[in-house]
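Taken in order, these protein sequences are the chains called H and X. Residue 153 in numbering that gives the first Met the number 0 sits at position 154 of the first sequence, with consecutive numbering throughout. Residue 417 in numbering that gives the first Met the number 0 sits at position 418 of the second sequence, with consecutive numbering throughout.
Just to be clear, a hint being listed does not mean it is correct.
[Claimed, not checked] As a list, the in silico DSS-like pairs of lysine-lysine whose alpha-carbon atoms are at most 25 Å apart: (1) H/66 / X/287; (2) X/520 / H/25; (3) X/247 / H/107; (4) H/104 / X/551; (5) X/573 / H/25; (6) H/8 / X/297; (7) H/66 / X/256; (8) H/7 / X/573; (9) X/494 / H/82; (10) X/520 / H/66; (11) H/7 / H/66; (12) X/165 / X/144; (13) H/25 / X/70; (14) H/104 / X/198; (15) X/247 / X/70; (16) X/520 / H/104; (17) X/583 / H/104; (18) X/468 / H/107; (19) X/247 / X/198.
Hints in this document: simulated from the structure, not taken from any laboratory.
Below, each chain spelled out in residue letters.
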Amino acid sequence: MSKEELEKKAMVSLLAIASAWYDQMKAGEIPSISLPSRTKYNIEYDDASEVWKYGDKESMRTAASAKSATHLLKMAYVIGFIKQQLRENRSSTLREMYYISEGWKRAKFGAQDESNFLIEDLEILSDVPREGFHLHPEENGASIYGPMRIREETRRGMKTIHCQDDVGQAGYTIPNNVENIEFVDHDAKFVIAIETGGMYDRLIENGFDEEHNAILVHLKGQPARSTRRMLNRMSMTWDLPILVFTDGDPWSYRIYGSVAYGAIKSAHMSELLATPKAQFLGLRPSDIRDYNLPSDKLTEKDVEALKAELTDPRFATDYWKKEINLQLEMNLKSEQQAFAARGLDFVTKKYLPARLADMGII
Amino acid sequence: MPGWLHLVLADELAKQQRSISVAEFFEKNKHLLGFDSPTRGVITTIKEAVDNSLDACEEAQVLPDIFISIKKTGSDLFRIIVEDNGPGIVPKQIPFVFGKLLYGSRFHQIRQTRGQQGIGISAAVLYAQLTSGLPTIVISRTGAKEQAHRFEIQIKIETNEPDVLKNEAIEWDRIHGTRVQIEFKSTMAAKKKLIEYLKYTSVVNPHARFRVELDDETFTFERVSQEVIRCPVAIQPHPHGIELGQFKRMAAASDAKLIDFLVEGFSRVGKKTAQEMCDRARLKGTLKVSGLSADQQKALLAAMQEVAVPAPPTTQCLSPIGEELIRRGLDKEFQMDFVAARTRPSSVFSGHPFMVEAAIGYGGKLPAEGNAVILRFANRVPLMYQQGACTITECIMNVNWRSYNISQQGLPAGPVLILVHVASTNVPFTSESKDAIASIPEIEKEIVLALQDLGRELKTFLSRRDRNKLAEDRARAVCAIIPEISAKVSEIVEKPPVDTSPIEGKLMRKLIAKKWTRDGKVTIELANYSGFEGEISAYDISADNAADAVPKADFVSEVDGQFTKVWKMTIPSKSNWQVTYSGKGGGILDIRGIDDSKKMVVDLDV
């Protein structure tokens, strides 16, 4: 969907919400709205798209109590605000909108969580991602380094950028709105999405991208929506294998989970944000054992998280069961950069080539 | 060990053994009487002096006016003065009251009093003497015709006898009363507790006025009742409540025959009962009671326990505060949304009459979080320490407060105040410091019953309040927020504003009064969906004088800058009435002449 189409769709669906309320009140009825229930009990696996989405449980919000009425009032103010933004072709961050709401009197937000949640509601109701509302998150996007060329629409016109030749040592920064990017061409065999900056820098410094024609993406911990959207688009547009390379602990497996399957908070956008074809590269618990990596003992919270993952449908495969049980048995975890104990080249010369060959990538 | 050695040792030991005086004993066991720390000493001293003053005023049937002063006189020296308008003490008695431990007028009396053993104030005198070395100064006057006397007193520790350092007749502006001045080493670390003590004392003595001078601060706890409380009348001991020691003293002091001794010396014992007791003890009723042997005494005492005797009379010897006065006392010191009080019928444990009173307060200025505020009282004296060891606390924890919609974690929590007062001729304290009441099944039962009764009453209040809250919440949504949604939505869809009053009418079926302020104009609008068409009046109380009101108010009055404007009108069904005037709004709007359930007032500016 083009940028213009997306904006048009946003405008139409938001105005439809307001119109419905107008008609309800005109008919002497209390305005109300139906929203999908946003809990983990209403998350379902969609076989067709292979991602996790909201189910069909809905809850009705009727302006018959002060709390619900205030919620609808806030929604009306946000719709009015987005309408004005789209009309004037301006954009703002979620945080800016939170501050703008200071002037909305009774409709002002108490905390930023509240405004974020409301925007997510509007995304679900309109089936338009927030970029279509000209709202973007403040977290800056992660970076990309590798043999690919994109065209980006910037304030200073269209720019074509090669993500090795035209960028600095840190790579190309993914913008907030990935929809503004056009994928031109590439010369890559695969994409490695890396959790930590240290490992991302190590691979660039060791020339891994050139040697193996790899695109490196820095996830910066739990990846932002724009980063996940970028991976999704690279997978869809170029059909490149996406490999996720993280630390070897339960929290990192969740990073992989959100890249591959989506997160509860954004389950309504899973088709756009999740990359079901993404594969987990490492660091696997068996790597800790096989390479005898420096490690730490699992904490109580780690063990709890691992056990929770054993019952998580997203990790309900033989592969994950085996690895997680092994980790619980060893009671150890390691960081990506623990490979440095075997020399700075070990990860690019030994571990990754072996692992990639093993996975059938090279 | 050979036998002779025993003898020698016993001899040696006997030389070292000597009787220790009560005063000496106290010096080594201060904690038993509430003087375990310097901070606590201040509270105990004031408590003992105030107890005495209140008891004295009660006996003399005067409304207590008590002045309390605490002043720092040295780096760690504090001077405490307690002055009352009681009957005063005759000069001859003063040295004994203040200068001899265990000298009391009420020790052998069976009625409800605050002080009992006569330890309290003399213990404070001793404590002062031990820490500061200063004598206690007492001024007392018994009437207009008598002169006031000023004493400087200490206690002879070895003999527990008063030591009068100075005694002079002086001029004193009070006609009758007593003033005690005690100076000892202490700190004011417990200032908060002290103020709490005074506040609580004032709650259960609503007939008393306390004026307090704390360093440079002065404040007053006013009386809310002008009624002098009835002084409890002493009764004879009950045969089921007597112990061997007391029995022996009574027997030794009597020259009556056994039957007469029983009938006259004990309550609820008639000739028939007395005869039954004698028969059971296998004693002749004509024996002189003073001539009984120790074994005979024991047999008689046992027989007295076995024979059924009606419970002792309870009303004359006890002095409950009363539900109304407890409510007024609490109202005065704690501003709360709800207060209820119960005075249980009197009852008896081990032959001692007792009575339980309780009260529950909710909301208002009570702290919303944390454990309930607990006020424990025994014979109108607040119990300030050892809350955890007290049976009152135990009983409060044993009540299931959740069933009255109060959260509970052991103790009930939230904006709740619980007061329990146990009045008895013999309050069973856990120790001599009189901080906690011992666990006695009869007393516990009464406390729990009183609390459950009050809990039910509180629950009714809470659910009524919640219902009102829900209705108010709905009214707010419909009358204040939906019009705003309407305004915003109409602006977004670029259509003429929707009138939301049909929604109000449909939902509320009430007379809806709204008040709002825009651009310096106050508007009051009444929309009648109630079906009621009689005359009603709108009372609008605020700082605005509404001189330019259209329509003009039917009546305006002013008190302290607050104007009460009244409009009278009849509003036909499904139509509106409106008034506008210049002003800042705020204040209170009330509609009268229509049933509460048929009206709803909404302030749109809130």
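Verification of the hints:
1. H/66 / X/287: Roughly 85 Å between the alpha carbons, so the hint for residue 66 of chain H and residue 287 of chain X is violated.
2. X/520 / H/25: It is violated: about 28 Å lies between the C-alpha atoms, which goes past 25 Å.
3. X/247 / H/107: violated, 81 Å
4. H/104 / X/551: violated, 32 Å
5. X/573 / H/25: It holds: about 18 Å lies between the C-alpha atoms, which stays within 25 Å.
6. H/8 / X/297: violated, 102 Å
7. H/66 / X/256: With Cα atoms ~83 Å apart, residue 66 of chain H and residue 256 of chain X exceed 25 Å; violated.
8. H/7 / X/573: Measuring from Cα to Cα gives roughly 44 Å; hence the hint is violated.
9. X/494 / H/82: With Cα atoms ~15 Å apart, residue 494 of chain X and residue 82 of chain H stay inside 25 Å; holds.
10. X/520 / H/66: Judged against 25 Å, a Cα distance of about 28 Å means the pair is violated.
11. H/7 / H/66: violated, 31 Å
12. X/165 / X/144: holds, 23 Å
13. H/25 / X/70: It is violated: about 73 Å lies between the C-alpha atoms, which goes past 25 Å.
14. H/104 / X/198: Roughly 43 Å separates the two Cα atoms, so the pair is violated.
15. X/247 / X/70: violated, 47 Å
16. X/520 / H/104: Holds: residue 520 of chain X and residue 104 of chain H sit about 19 Å apart, inside 25 Å.
17. X/583 / H/104: holds, 18 Å
18. X/468 / H/107: holds, 23 Å
19. X/247 / X/198: violated, 42 Å
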